[in-house]
Each structure stands twice: as C-alpha cells, then as structure tokens.
Amino acid sequence: MEERPCAVLLKFPGTNCDAETAHALETVGFVTETVPISALKPETLVGVSLVVLSGGFSYGDYVMAGKLAKLVTEQRIGDTLKEFRDNGGYLLGICNGFQILTQLDLLPEGSLVENSSGRFQCQWVTLENKAPDSPFLSQLPETFEFPIAHAEGRLVTAEPGEAAGYLESGAAALTYTEDVNGSFEQIAGLQDETGRVFGLMPHPERFLRRGDHYDPDWGGDETWGSGYYLFRSLYESVTSSDENE
Amino acid sequence: MQEIFEISDRFINAADASHLLYEPVDGSLTFRRTRRYEVEAEGDRDKLEKFIKATLLDDISQELHFGEDSALEDFVFVLEYGMKPGALDLEKEAILTYYNGIKDPGFELKDLKIRQRIYLFGDKDAKSDRFVRDICNAAIHNWSVISGNV
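Chain order of the listed sequences is A and B.
Position 168 of the first sequence, counted from 1, bears residue number 168 in our numbering, the numbering being contiguous throughout.
Position 105 of the second sequence, counted from 1, bears residue number 105 in our numbering, the numbering being contiguous throughout.
Simulated from the structure, these hints should not be mistaken for lab results.
No experiment lies behind these values; they were computed from the predicted model shown.
Keep in mind that a hint or two might mislead.
Cut-off 20 Å, straight-line C-alpha distance, at most; resulting in silico cross-link-like pairs (SDA-like, lysine to any residue) [as the list claims (entries may be wrong)]: (1) K70/A x K53/B; (2) K53/B x D134/B; (3) K70/A x L57/B; (4) K70/A x T55/B; (5) K50/B x H23/A; (6) K103/B x Q75/A.
Isolated chain A (complex conformation) (with noise of 0.2 Å):
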C-alpha cells in the first residue's frame, strides 16, 4: 500500500484556517496532523514532509502580524524549521502563515504591512505564475484567481529595488495583476532559494473546488478549483523528492 506523506500544520492561538487548509492537503493525498504550538517539539517533525502555517490571527496580530508567533516557535524549537527546510522538508505559509515565514527569517527579506488602503480587504484576486517550475505553482496556469482576506498583506522590502530584484530573481513567485494591496511590484508570494518554502497571502485552501467560485459559470476546471491545483502540485513534488530518497 502506498505510504502518504505527512503534512504537519502548526496552530497557534488565534489560528483560524487550519481545518479547511488540512481538508484541502488531505484531499490531494497527505495525511495530517494539527500540532498546537504549545505541544511542539524538535521530534515533532521527524518523519514529516510539510510543515503547513496557515491563515489566521495568531497572537491576536498583536505588535505586529506573525512578530509573537515567530518568537514562540524560535522559544520552543529554535532552528529546527531551518534544519527541516536544509533536510529537504518543505514549508508552505497561507496569509498569516506567510507574515510569520517572513518574520522567522524562512523567506527573502521583507515584512508585511498595513494595506495601503487602511482597511482589511476580503475579495478575489487574479494572480500571476511567475514560478512554473516551482513545487506550489507547476500545475497552475499563468494567471488564476484566489481570494484574500487581510489587513497586513502588503510586501515591504527595507529598500524598493529589494522587491525589484525578487522579480529578477524568481523569488516573487506569484504577483497580483493589479495593485490590491500597495504591496512593492505587486508581489502576492515569495519563494525561498531552494523553491521548498513558499509563502502567499492569498488562501488557496478557500478555491479547493469549482463550487467556491463567486461565479457560478465560471470557466475553469468542471470539480476543482484552482486551489486544488497549488495542493496537488506540491503533493506530486513531496512524494517525487520521497521516491527520490
């Protein structure tokens, strides 16, 4: 019988999206387990081959979104994210989850900031694939749809050419077509050097089905959304890396 990989999903007190995103990874074969940060261990991970931060509002968003997160997990594992990512292990941040990668130092640097609209925005949003090659995005079109839901989603780098150079380099993985947020070059997800830690503000976990869609005619897939796809392409590269071994 065919062993399934394990996806981990830590759970912080205020994360709220860690049902429906665990839903959607075992839908595309994982199994998983929703680990409260309080019960998080070094051991935790072994064996695992994705570690989920999903979407939400840990710590209340207090001092700044994903600050007190990324200071409890360094407080209860230190670096083992870094050495489950250099081990191979893969790690994917939703929204709330992205702003905590950022601040854990798992992604190229920047922060995510107040939108530039003042305002927490809940809408759809046409994204583009600026990464076909990566393990989210292989089996994604060029532009697809996803919905977000936030009030600090706009990508800041300390100095704008940072975010340019992101463009340059493959790191902005996925960008908005238009400025929903005021984030620097419109960038909606970023990618590490090794392409297995990904992070985006948008919630692939809420477009799982064509059913989610806002548009009851919409003209894509007959059951699946384009969520679904993000899942499926990094449940084909985790087992290929684990055939690989």
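Since the structure of chain A is already known, use the hints to place chain B on it.
Frame of chain A; chain B shown alone:
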C-alpha cells in the same frame, strides 16, 4: 529603571481621519498610529533594550524612538489610549508570557504599560471630542489628549 519608547511605521502614510469616525469629519485631517510602551525593569539595560528590539520592533518596516518625546511632529493633537488597570490587555499578556519563557533574560520586567497613539494632522482648530467618543470605550480604556505644536 524606566524605559519609554514608541514605535512608528516607515511605510504607512497619514490617512484620512474620517476613517476613524462614524461620521466624516469636516475639514482636512489625517492621522497616523504609533504604539508607545513604558517598561519598568531591574537589571541589565542593554539586555532590556535588546529584548525590546527583538520582541516589539520590525527592523524593516518600523522605527523605534526612545524617550518621552513624541515620535512624530507637527500634529494638531494626539489621542493616547490603552487598557484600564485591571482590564485584560491581551497584547501585554502575550508579551509577558513570551518574556516568562526566556531563560535568564538578564533583567526583571516589573511593569509594562502599552498605549496606542493616534496623531492627528491638518486643521489646527480640530477638536478631539469626536475622536475620543468614537475610538475609546469608557468601560475598558483610559485616555488622554495631548495638544500639538502647530
């Protein structure tokens, strides 16, 4: 020792102050927010400052201002508010829980006061009453209004 410091955002411009109110304000007023912390501690000052920077500041997007002086200038007034003593301050609880988990921090945190500041810019005749009424909740907040220097 006491440390007072304030954190402001580098990338967030002053926005229309009507966003803060239930009804739009007459005239031209804009606002910016900051966070102000008052820390009472004993022990190694350098380690305290290191803790403050690591815990409360984002190097990329924020700036840290030490001391009592206001972080921003040329404002009409500042509305400063925070949780009343005895009211549950979840930000403070989260910071203290993290602090309590640090082995040998090098200082003892005796007290932490967190205040939100809203700086208003523009019309120098603007009144603070409506901002106090619409932003502060008398059941849980205390507040003060600091007159500006324009």
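Consistency of the hints with the structure:
no.: 1; hint: K70/A x K53/B; verdict: holds, 14 Å
no.: 2; hint: K53/B x D134/B; verdict: violated, 32 Å
no.: 3; hint: K70/A x L57/B; verdict: holds, 13 Å
no.: 4; hint: K70/A x T55/B; verdict: holds, 10 Å
no.: 5; hint: K50/B x H23/A; verdict: violated, 41 Å
no.: 6; hint: K103/B x Q75/A; verdict: holds, 10 Å
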